[in-house]
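Let the hints inform the model, and build the full structure from the sequences given.
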Amino acid sequence: MANTEQEVLAGLAEIVAEETGLDAADVALEKSFTDDLDIDSLSMMTIVTHAEDKFGVRIPDEEVKNLATVGDAVSYIKGAQD
Amino acid sequence: MTSARDVVVTGLGATTPLGGDAPSTWEAALAGKSGARTMDNDWAERYEIPVNFAATIKVKPEEVLKRPEIKRMDPSAQYAVIAAREAWKDAGEPEVPGERLGSVVSSGIGGIWTLLDGWDTLRERGARRLLPTTVPMLMPNSPTAYVSLDLGAKAGAHALVSACASGAEAIGYGVEMIRSGRADVVVAGGTEATIHPMPIAAFAASRTLSLRNDDPEGASRPYDVDRDGFVLGEGSAIVVLESAEHAAARGARVYAKIGGVGLSSDAYHITSPDPEGTGQVTAMRAAMEDAHVTTADVVHVNAHATSTKVGDLTETASIRHLFGTDADHVQLSATKSMTGHLLGGAGAIETVFTVKAVSERLAPPTINVANPDPELQVPLVRDEPVKLPGGDIAAINNSFGFGGHNVALLVQNA
Chain A
1 MANTEQEVLA GLAEIVAEET GLDAADVALE KSFTDDLDID SLSMMTIVTH
51 AEDKFGVRIP DEEVKNLATV GDAVSYIKGA QD
Chain B
1 MTSARDVVVT GLGATTPLGG DAPSTWEAAL AGKSGARTMD NDWAERYEIP
51 VNFAATIKVK PEEVLKRPEI KRMDPSAQYA VIAAREAWKD AGEPEVPGER
101 LGSVVSSGIG GIWTLLDGWD TLRERGARRL LPTTVPMLMP NSPTAYVSLD
151 LGAKAGAHAL VSACASGAEA IGYGVEMIRS GRADVVVAGG TEATIHPMPI
201 AAFAASRTLS LRNDDPEGAS RPYDVDRDGF VLGEGSAIVV LESAEHAAAR
251 GARVYAKIGG VGLSSDAYHI TSPDPEGTGQ VTAMRAAMED AHVTTADVVH
301 VNAHATSTKV GDLTETASIR HLFGTDADHV QLSATKSMTG HLLGGAGAIE
351 TVFTVKAVSE RLAPPTINVA NPDPELQVPL VRDEPVKLPG GDIAAINNSF
401 GFGGHNVALL VQNA
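Protein sequence lines, in the order shown, are assigned to chains A and B.
Using the UniProt record's numbering, the letters of the first sequence correspond one by one to residues 1 to 82.
Using the UniProt record's numbering, the letters of the second sequence correspond one by one to residues 1 to 414.
In case anyone wonders, no lab produced these hints; they're calculated from the structure.
Glycine included, C-beta positions come from ideal geometry on N, C-alpha and C.
One or more hints might be untrue.
What the hints assert, rightly or not - Where chain B lies over chain A, by a calculated footprint (3+ residues, C-beta under 8 Å):
1) 12-26
2) 41-49
To be verified - Stretch by stretch, here's where chain A covers chain B in the computed footprint (C-beta under 8 Å, at least three residues):
3) 50-59
4) 125-131
Set out below in structure tokens:
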């Protein structure tokens, strides 16, 4: 079942918050995973694994490097669901 | 008396079935409390495991660590990080360059929860669902690695594996790191988190666990005639080791000195101790020689004593053989009667107890000894703590492991 952009953002923010300890409210669309949220590649792959499970999508490894910001990830997940 | 390269203990930390830190664990031990309890799960019923109790950790890591730390570390590493942070704080957070700080934290078994959860995930949901953190969580060096990351220890992070002797061997190795000049401060100890149905069933299969389901608190009874095996425990204990010179320079509080390390291996049988006790005697003798003390100086032994007939009696026969009549003034404590058997954490928590016993001059009790085994050959501290003499004293912590590993650590007053 497809989610709205807001739902995807909220769900992803929850996953990021669990993994990093950041406040979910800080996980905004324009934030960069590496520069703003300080997420390393191991954490990023963990987040991707949880996101695939939560949203029922597949995010191939070669796509992950293109997901620079939270907004990029939300768009990709939304697109993969539609 | 201490000299410059002597190794002293300046910090203690623990999270065990008796308490969430070292002071509460020690207090509970002096009070003769048991950490064993009936487990709040259906494993015994569901998997037909003959044991439904264990000495589970008193304070859950979820109450202490941040959520991301819980997700990133196997419970074995969580316990170690909790104990290491306490020990570090207790030592007064020594200022030491990372290159002069070491970490030696052992586990007997490793990240078995992560390993088995990963296998379940793979079988039930496929490879895509396995978390990328699986390998760094299950590897047995994960606890020492996380402790080194937490404290910035760069002189080396090690994890020596010798089953139930692992925690003591780790502390022995930490002593050697300081003596050899590789480090000034070493955070050392052991950890274990194996209260999972598979290892419980596997230990039950080896016929080494107590089956006293109707009386968990009375199940671990080393030296009692009615003992029927050990009680599986979990948790971690960590000590901060420091060169006497370094400790003195910063005016640190010193609990005790680790004056001797004795090691040997039986090469006799994969699980049974050599009935002659030759390896145990060798380890204890080596620890005493290393510390330049004799059996006349040793007033207390924290026994390995897991509550199995052959293991308990081999050890006291070894002590009697080595000590002769000097064994008459040894106060023997079997603290697994209270903590259960922490496997890789056992040698570490028992070192903490031995250090406290020497510094407070108080040998902890052995509980549940209703009828002492007539073959017990050394005076046993029962029910109530026993005062140790003043002046210069020495104590030994014995730790033995499946595989024939023998470790004796000799503790002296500072």
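Taking each numbered hint in turn, which are not upheld by the structure, reported in ascending numerical order? 3
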